[in-house]
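Participant: What follows is each chain in one-letter form.
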Amino acid sequence: MPDITLTIDGVAVTVPQGTGLVEAAREAGIEIPVFCHHPKLVPVGMCRMCLVEIGTPKIDPATKQPVLDENGKPVIAMQPNLQVACTNPVSNGMVVKTNTAEVEFARKGVLEFLLTSHPLDCPVCIKGGECPLQNLTMGYGPSVSRFDYDDKVHFEKPIPLGPLIDLDRERCILCSRCVRFEDEIAGDSVLGFANRGRAWMIQSKSNPPFNSKFSGNTVDICPVGALMNGEFRYAGRVWEIKPVPTVCPHCPVGCNMTLDMRYRDIKRVQPRSNEWVNEIWLCDRGRWGFHFVTSDKRLTKPLVRRGGELVETTWQEALEDIAQRLHGVVQNFGGNAVGGLAGGRLANEDLYLFQKLFRELLQSPNIDSRNGTLDEPEHDDLAYAFGLASGTDLGQLGKGTTVLVVGADPEEEAPVHLLRLRGIKRRGGELIVANGRPTKLDASATRTVRYQYGHEAHFVLGLLSAVLEGGSENKEFVRSRTKNLDALRTALRPFGVAAVAEQIGVAADVFQAVAQSVAGAENLVIVYGREAFAAGTPLLQALGNLALITGHVGRPGNGVLPIMRYNNSRGALDMGVRPGKGPGYTNVVKEGLTAQQMVQAAGNGKLQALYIAGLDPVAANPASRAALEKVGLLIVQDLFLTPTAQIADYVLPASSFAERDGTYTNAERRVQRFRAARNNLGDSRPDWQIFAGLGRALAAMVRQPALDTVAASAGKPTGKRPAPAQPVATARTWLYRSTDDINAEIVQQVAIYKGASYAQLKSSHGTWGRQAADDPVFYDGTSYTNTEGFGVQWPTLAEQTNVVFDLVFSQPTTPQPRNGELLLVAAPRLYDGGTLMQNAEGLSFWVAQPYVGVAKADAERLGIASGDRLRLSSAQGNVELYAKVDGLVGPGTLLVPDLAEIPLGQVQTGVLTPVRVEKVEG
Amino acid sequence: MLSDKYAAEIAGVLARYPIKNSAVLPLCYIAQDEYGHLSIDHIQEVADILEMPYTDVYEVATFYSLLYTEPVGQWVLQVCDDNPCCFTGTEELVADLEDRLGIRAGETTSDKLFTLQRVKCIGACHRAPVMQANLEFLGDVTPDKVPGILEDMVQKAQSGATLSISGRFAEQ
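As you go down the protein sequences, you meet chains A and B in turn.
The first sequence begins at 1 in my numbering and counts up one residue at a time.
The second sequence begins at 1 in my numbering and counts up one residue at a time.
Simulated from the structure, these hints should not be mistaken for laboratory data.
Only a predicted model underlies this, so the values are computations on that prediction, with no experimental measurement involved.
Where is the CB? At the ideal position from N, CA and C, for every residue including glycine.
One or more of the hints may lead you astray.
In the BS3-like style, the derived pairs of lysine-lysine whose C-alpha atoms are separated by at most 27 Å in a straight line are [unchecked claim]: (1) K58(A) - K40(A); (2) K20(B) - K440(A); (3) K5(B) - K156(B); (4) K440(A) - K856(A); (5) K440(A) - K475(A); (6) K156(B) - K145(B); (7) K425(A) - K20(B); (8) K152(A) - K120(B); (9) K630(A) - K40(A); (10) K5(B) - K856(A).
Some chain B residues near chain A, calculated using beta-carbon distances under 7 Å [stated by the list, open to error]: (11) Y17; (12) N21; (13) Y35; (14) P53; (15) E59; (16) T62.
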């Protein structure tokens with residue numbers, strides 16, 4: 001867009017067309033105070049704080065030319081009244097005055113009015129110290145009020161606006177920032193104004209009240225102390241708070257946030273601004289879900305089983321014993337008799353050492369980052385090859401971008417992604433949402449597609465056919481960067497648009513329209529989540545092919561975005577905590593057992609030792625308990641005494657994310673650093689320290705092998721390009737002093753992490769075109785300035801222009817429910833009541849009661865009413881749940897919320913399980 | 001359900017506007033006449049018909065004084081107590097109505113027949129004192145006219161005639 005030049009207080013400013021006056025003034029370093037205006041929201045001009053004088057060049061009506069004065073300069077026609085700066089876009093030749101006596105008088109008046117019904121209770125107000133009303137009153141306001149104090153409006157206060165947010169209606173200046181955030185950004189129209197005049201107030205009439213997963217952000221952007229974080233009230237003053245930069249441990253978005261410490265206590269969690277990741281937002285789980293850190297159920301001492309009981313021991317004893325016994329197992333039975341499971345909640349540094357411990361010291365290829373339940377999908381390699389290319393900013397994409405969401409529920413799996421995807425739609429992009437059931441994202445979509453569960457892959461194969469049948473593939477890209485298109489065409493023959501349309505009940509023109517949008521877009525982002533993973537490799541390959549044949553890989557703004565289960569699931573794969581690939585997706589000489597196979601081997605007595613860190617197979621599937629009990633040496637490393645830990649021989653207490661340094665890699669492959677905010681709880685230690693301690697003890701015992709277990713070679717999708725063999729293992733002594741040492745080794749050893757040294761993670765930071773949160777004038781919320789760096793997104797394979805990709809195809813399979821069986825679908829839930837939600841009392845309100853959703857048609861057919869107790873059984877086992885007849889559930893499926901309380905692993909035989917349904921008394 | 005019972009009327013209202021949201025006030029009137037007032041459930045019903053967020057309809061319902069979020073009687077009597085009416089005897093009128101109905105302004109009779117309210121100017125000063133009953137204007141209401149007016153209303157209510165507290169039929 002063309003640039004506009006205008007004059008503000010005599011300073012010439014040039015800004016892009018469409019810029020608001022407030023922003024233009026900021027460019028010139030001129031302050032225009034605001035309350036209701038927010039850079040992320042549409043301006044409304046409600047508070048009148050930004051009044052300025054505006055003039056534009058006088059235009060001669062006859063000639064349509066600017067009128068010039070005797071000096072040849074345009075005559076400026078000043079508008080007769082003051083104008084609000086926030087809603088006025090800039091125009092060429094505009095003249096703005098922000099410092100005249102009239103403007104100052106108006107500001108004083110606006111503040112005097114705002115304060116007429118404000119209680120002025122700053123000394124006891126939680127916002128005191130970071131309050132724009134306080135700051136602007138000091139800067140621009142009157143020192144006295146002419147308003148009769150006894151006439152102030154009074155309300156009962158504070159009142160709960162929702163389970164997490166309190167409202168003080170007397171302090172509210174009715175700027176509507178909270179209402180507009182919920183409407184525009186979150187898409188939850190749950191806040192509104194009630195009444196009028198002096199009784200005008202913010203209310204939430206949703207049921208339950210303030211039913212939004214983003215409610216905490218309204219507190220941040222509230223320019224007064226009206227909206228309050230209920231937990232932070234009277235918990236401390238903001239000037240006593242020391243914010244420690246961290247990364248959210250709850251989901252794979254990896255929101256940047258701070259732990260706000262008052263001495264040793266976490267008092268609140270606030271966002272850190274990172275426009276690449278979370279902008280200035282957090283979801284409520286991230287904001288209020290930190291209490292597990294201080295749970296009194298945390299493990300504080302190493303435990304050892306003696307005489308059937310777990311008793312306390314010392315680290316020295318525990319580590320030496322474990323090392324001895326592991327060494328014994330390896331000597332007597334070989335490395336194959338040892339297995340290791342380390343989950344995606346551990347940091348990259350932990351995971352790297354974990355796989356190194358197994359591959360190098362224990363000579364065991366058996367490591368995995370899964371629980372070993374039958375519903376767990378294959379590991380995701382798609383993002384390694386075609387992930388969102390580095391440099392992609394979801395917050396910038398808009399017109400010309402198509403987002404295809406398949407089998408994902410971002411609101412529940414990765415909430416802040418929902419805000420980002422809505423943003424793309426708002427900026428003119430297309431958002432196509434395909435799923436087997438309605439999700440909240442549907443409301444924001446430009447098109448929704450409903451397929452039947454089990455036909456996900458068919459849908460995408462139909463899209464592939466539609467692209468190829470229409471000849472709209474990117475021919476140049478297909479020719480130069482892919483091979484085997486003919487084989488793919490042949491394989492797709494049974495999946496022509498007409499055939500698939502008939503088979504899965506989606507109209508043929510839907511395929512054509514979606515294919516057109518996908519192929520014709522400048523940028524394509526493919527998002528897939530847990531329900532897509534459930535459909536398995538055929539779907540993922542089809543999605544990869546769709547990105548490939550339309551040429552939407554390897555360029556910023558293009559690629560796939562898989563939403564995996566844990567915050568660092570991506571890091572676990574990057575670090576090679578999986579049986580088939582080493583760190584950096586390199587091939588390994590010997591493929592080990594998967595988690596499922598390990599549980600099986602344990603049951604068969606073939607596994608002599610099993611080390612489980614940050615995973616809980618017994619909770620995921622109680623049936624695996626019997627198998628794990630047969631393992632001679634079961635070591636569990638966790639924050640809590642989980643069901644798995646309860647049957648362990650050794651239980652090692654790990655530190656939480658708040659007590660240690662490290663890095664997590666988010667769904668977009670962005671490596672981000674988090675910092676220790678408090679001391680270790682009791683004798684707990686960071687995971688990496690425990691692994692390093694064990695490594696040191698073992699290294700002294702084991703004659704180290706030739707270190708060729710991790711033979712580096714190119715990842716699978718290339719097949720061609722053998723990467724140079726690298727010398728592995730620098731630190732043979734396992735003397736790691738801090739995570740810095742491990743990071744240095746990772747940077748050296750793992751090719752894709754070459755650019756992810758701690759120094760580089762931190763190198764990109766700043767305020768991103770906005771002032772720090774403590775800017776008293778242009779207030780956009782209490783999010784903190786990012787001082788820890790925006791992180792580094794590692795490059796995908798597709799960004800190497802010489803890599804050629806194979807268009808592979810696998811035959812999709814469809815689960816076949818037998819007579820009368822229904823398909824069990826586990827729906828992800830953000831508030832799952834799992835271990836990381838422990839102690840988070842504020843969130844407990846939102847954890848659903850267990851139920852099974854039954855479609856209306858099925859309920860009628862089977863004579864099921866809401867409240868009936870149902871037993872769902874498969875070959876694996878059964879669970880009993882109360883039925884809820886739910887119009888949102890598709891016929892033929894049963895929808896069970898994936899809550900920690902429901903042991904779904906007990907009944908699932910695969911990713912989609914056909915189950916028998918019967919009513920039971922209860 | 002409104003959408004069934006008033007299907008034709010609602011369709012007619014919706015047809016008047018290019019976007020559905022614009023029909024929020026007429027639909028609130030229909031709901032209010034049907035249910036006597038606008039409770040949470042009734043507002044939800046309107047929101048569902050218009051495919052609007054519940055909150056947005058609620059904002060409208062609480063903003064306007066002719067939409068009642070609390071139960072009212074079959075006849076809502078609104079007496080103007082702005083200046084011109086006061087000069088011509090509003091206070092006497094209100095007192096007289098209060099006496100006869102046995103309630104205070106702002107209350108509803110126990111038989112749910114009348115609600116008495118004080119309102120600000122309703123724009124008919126030349127006929128002061130004025131009151132409106134279900135949005136029908138009654139001008140020059142001196143206390144001697146009150147018994148007849150009330151009697152009429154009782155009869156109308158008892159005759160089973162369709163009354164509209166929203167004034168949907170005021171012009172007919």
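Participant: With reference to the structure, classify each hint as holding or not holding.
Facilitator: Hint check results:
no.: 1; hint: K58(A) - K40(A); verdict: violated, 33 Å
no.: 2; hint: K20(B) - K440(A); verdict: holds, 22 Å
no.: 3; hint: K5(B) - K156(B); verdict: holds, 23 Å
no.: 4; hint: K440(A) - K856(A); verdict: holds, 20 Å
no.: 5; hint: K440(A) - K475(A); verdict: violated, 36 Å
no.: 6; hint: K156(B) - K145(B); verdict: holds, 17 Å
no.: 7; hint: K425(A) - K20(B); verdict: holds, 22 Å
no.: 8; hint: K152(A) - K120(B); verdict: holds, 23 Å
no.: 9; hint: K630(A) - K40(A); verdict: violated, 57 Å
no.: 10; hint: K5(B) - K856(A); verdict: holds, 25 Å
no.: 11; hint: Y17; verdict: violated, 20 Å
no.: 12; hint: N21; verdict: violated, 12 Å
no.: 13; hint: Y35; verdict: violated, 17 Å
no.: 14; hint: P53; verdict: holds, 3 Å
no.: 15; hint: E59; verdict: holds, 4 Å
no.: 16; hint: T62; verdict: holds, 4 Å
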